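Visitor: Protein chains in written order, with our numbering: chain A, 1 to 281; chain B, 282 to 562.
Hint data in this document are derived by calculation from the structure and do not stem from the laboratory. All values derive from a computational prediction rather than experimental measurement. Misleading hints may appear alongside valid ones.
Which stretches of chain A does chain B cover? Using the computed rule of at least three CB atoms under 8 Å from a CB of chain B, they are [as the list claims (entries may be wrong)]:
| hint | segment |
| --- | --- |
| 1 | 41 to 47 |
| 2 | 181 to 194 |
| 3 | 217 to 224 |
| 4 | 257 to 263 |
Just so you know, even glycine gets a beta-carbon here, dropped at the ideal spot from N, CA and C.
Take a look at the letters that make up each chain.
Number of protein chains: 2
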Amino acid sequence: MSYLEKVRACARYRPENYLPFRISGEQVGQVRLGFLPQLARFEDTFCCVKDGLNLADNLHRFEQRTEAVGRVLEGLREEGLVPGWRDEAYPVTNSFGSPPFFDMERAAVPLFGVRGYGVHVNGFVGDGGDMRMWIGRRSMSKPTGPGKLDQMVAGGQPSGMSLRENMLKESAEEANIPRSLAEEAVSVGAISYLTERPEGLRHDVLFNFDLHLPEDFEPVNTDDEVDKFYLWPMDQIMEVIRETDDFKFNSALVIIDFLVRRGFICPDDPDYAAIIAGLHR
Amino acid sequence: MSYLEKVRACARYRPENYLPFRISGEQVGQVRLGFLPQLARFEDTFCCVKDGLNLADNLHRFEQRTEAVGRVLEGLREEGLVPGWRDEAYPVTNSFGSPPFFDMERAAVPLFGVRGYGVHVNGFVGDGGDMRMWIGRRSMSKPTGPGKLDQMVAGGQPSGMSLRENMLKESAEEANIPRSLAEEAVSVGAISYLTERPEGLRHDVLFNFDLHLPEDFEPVNTDDEVDKFYLWPMDQIMEVIRETDDFKFNSALVIIDFLVRRGFICPDDPDYAAIIAGLHR
Numbered sequence: 001m002s003y004l005e006k007v008r009a010c011a012r013y014r015p016e017n018y019l020p021f022r023i024s025g026e027q028v029g030q031v032r033l034g035f036l037p038q039l040a041r042f043e044d045t046f047c048c049v050k051d052g053l054n055l056a057d058n059l060h061r062f063e064q065r066t067e068a069v070g071r072v073l074e075g076l077r078e079e080g081l082v083p084g085w086r087d088e089a090y091p092v093t094n095s096f097g098s099p100p101f102f103d104m105e106r107a108a109v110p111l112f113g114v115r116g117y118g119v120h121v122n123g124f125v126g127d128g129g130d131m132r133m134w135i136g137r138r139s140m141s142k143p144t145g146p147g148k149l150d151q152m153v154a155g156g157q158p159s160g161m162s163l164r165e166n167m168l169k170e171s172a173e174e175a176n177i178p179r180s181l182a183e184e185a186v187s188v189g190a191i192s193y194l195t196e197r198p199e200g201l202r203h204d205v206l207f208n209f210d211l212h213l214p215e216d217f218e219p220v221n222t223d224d225e226v227d228k229f230y231l232w233p234m235d236q237i238m239e240v241i242r243e244t245d246d247f248k249f250n251s252a253l254v255i256i257d258f259l260v261r262r263g264f265i266c267p268d269d270p271d272y273a274a275i276i277a278g279l280h281r
Numbered sequence: 282m283s284y285l286e287k288v289r290a291c292a293r294y295r296p297e298n299y300l301p302f303r304i305s306g307e308q309v310g311q312v313r314l315g316f317l318p319q320l321a322r323f324e325d326t327f328c329c330v331k332d333g334l335n336l337a338d339n340l341h342r343f344e345q346r347t348e349a350v351g352r353v354l355e356g357l358r359e360e361g362l363v364p365g366w367r368d369e370a371y372p373v374t375n376s377f378g379s380p381p382f383f384d385m386e387r388a389a390v391p392l393f394g395v396r397g398y399g400v401h402v403n404g405f406v407g408d409g410g411d412m413r414m415w416i417g418r419r420s421m422s423k424p425t426g427p428g429k430l431d432q433m434v435a436g437g438q439p440s441g442m443s444l445r446e447n448m449l450k451e452s453a454e455e456a457n458i459p460r461s462l463a464e465e466a467v468s469v470g471a472i473s474y475l476t477e478r479p480e481g482l483r484h485d486v487l488f489n490f491d492l493h494l495p496e497d498f499e500p501v502n503t504d505d506e507v508d509k510f511y512l513w514p515m516d517q518i519m520e521v522i523r524e525t526d527d528f529k530f531n532s533a534l535v536i537i538d539f540l541v542r543r544g545f546i547c548p549d550d551p552d553y554a555a556i557i558a559g560l561h562r
């Protein structure tokens, strides 16, 4: 298998199966045709029109929208239509950093094809050919990607917290990284994708950090989200990325971005330009 | 001014002013409506159809196409319609690394909206807050961006040479970097843009390298393409990027990508996600 196949595996999207989800005329997501009838029942909150789904016009304010959509989602949850409920509020925006239209339960975000955001930390030791990276195996109780391999630290981006603060919080919870050490993490960019997953349409941006760790640091999970950590040489990580599906689909892209930025994937790979383009959708 | 404005300044494109340029049914570029009548005169080579411009169907082979289009371009050049002639062969492809359909004079590439490729080297000394970067001022005789600021090394990617080999060649010519030192450059990815410029439609991918230089290295231009080199602290470079148009339009994007990858532009910039998305088009 190739890196490009891994990138393309996160670009499964048939636009003909979706219609836009709009608030006050602005598109903020897209809803699968099959899911529309479920929402059409809630006429006080949603308005199904020929070319999409609109949030009801009389819902003007953040709190109003959050409450009305929350009520619908609670109902759908009882019918088993919102699996993996998290009790985490995610902001609904049409661009990161702009004021959110409302907050939505995290598990529903892919059902509305709304942009999701996360922070991932590549924790590594050594340099060049001697480099090794800490890899986490996700707990079997995680609602997405149970048992899959992951960055040392990875977490969704909730409402009301800065990316850096969230990175520091997740670093403490998932890997017991002292704040003073986590603060040395360098922001290195983001990857993004639009892809159909069992949980719905994922249209995410993952903000990435590189953290060069001392040789004697060992991550310890404190929130039961990671089962085990491994310190693997880059060669092994590169082979696992290329040859298996052991990594969570989006964590694989974060590693591929790392490999590009650090010169492990080189311009002599005929897919080089396509890989880079595929990491930014 | 903001970094995002600089990124958006390289995204000026009105699709309604262009029609696709195709070879054997595959789109490889796009031609400005106003330029089409100039090409329609050469019926042996081009076929103007309702929805675009096709290369004549009887031109099957690489050499045939290169020669036929070359003849047309020579004619247009005599009429003054291909300014900035370079005598450099650029490959016409629809994706980097795939076999080229034919070779085209570099100056004509933007007239056909064909993908162009380049290599840029960020040459820097020091680390973190102490970092400084070598900046070149382009010679006034350059056909594009005369007198503008640029990376220490920057060059177009011609046919028949690997990206790395071209980087080494340009490093020697533009900055007199010994091969043994240039070989330490690390490939770090690419940026891309689609934008209207005086020379035509630029749809380029720039492959970037970072080269950590020893403090006592000083670049010396050997091919008259660079007038002068400056070693500037990052603060100064960041201010010049934001506040002026002194950098060549695309070299500014290469620096912005460096600033993102190295944590100088941080996630607390509200434009962070939009800047990164804008560097990959």
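Visitor: Do at least three Cβ atoms from the segment 257 to 263 of chain A come closer than 8 Å to Cβ atoms of chain B?
Guide: Result for this restraint: holds, n = 4.
Visitor: Establish whether the coverage given for the segment 217 to 224 of chain A by chain B is satisfied; the threshold is a Cβ-Cβ distance below 8 Å, and no fewer than three residues must meet it.
Guide: With 0 residues in contact (Cβ-Cβ under 8 Å with chain B), the coverage given for the segment 217 to 224 of chain A is violated.
Visitor: Take the segment 41 to 47 of chain A, compare each residue's beta carbon with every beta carbon of chain B, and decide whether three or more fall closer than 8 Å.
Guide: With 0 residues closer than 8 Å to chain B, the segment 41 to 47 of chain A misses the three-residue bar; violated.
Visitor: With a cut-off of 8 Å between beta carbons, are at least three residues of the segment 181 to 194 of chain A near chain B?
Guide: holds (count 6)
Of the numbered hints stated above, those contradicted by the structure are hints 1 and 3, listed in ascending order.
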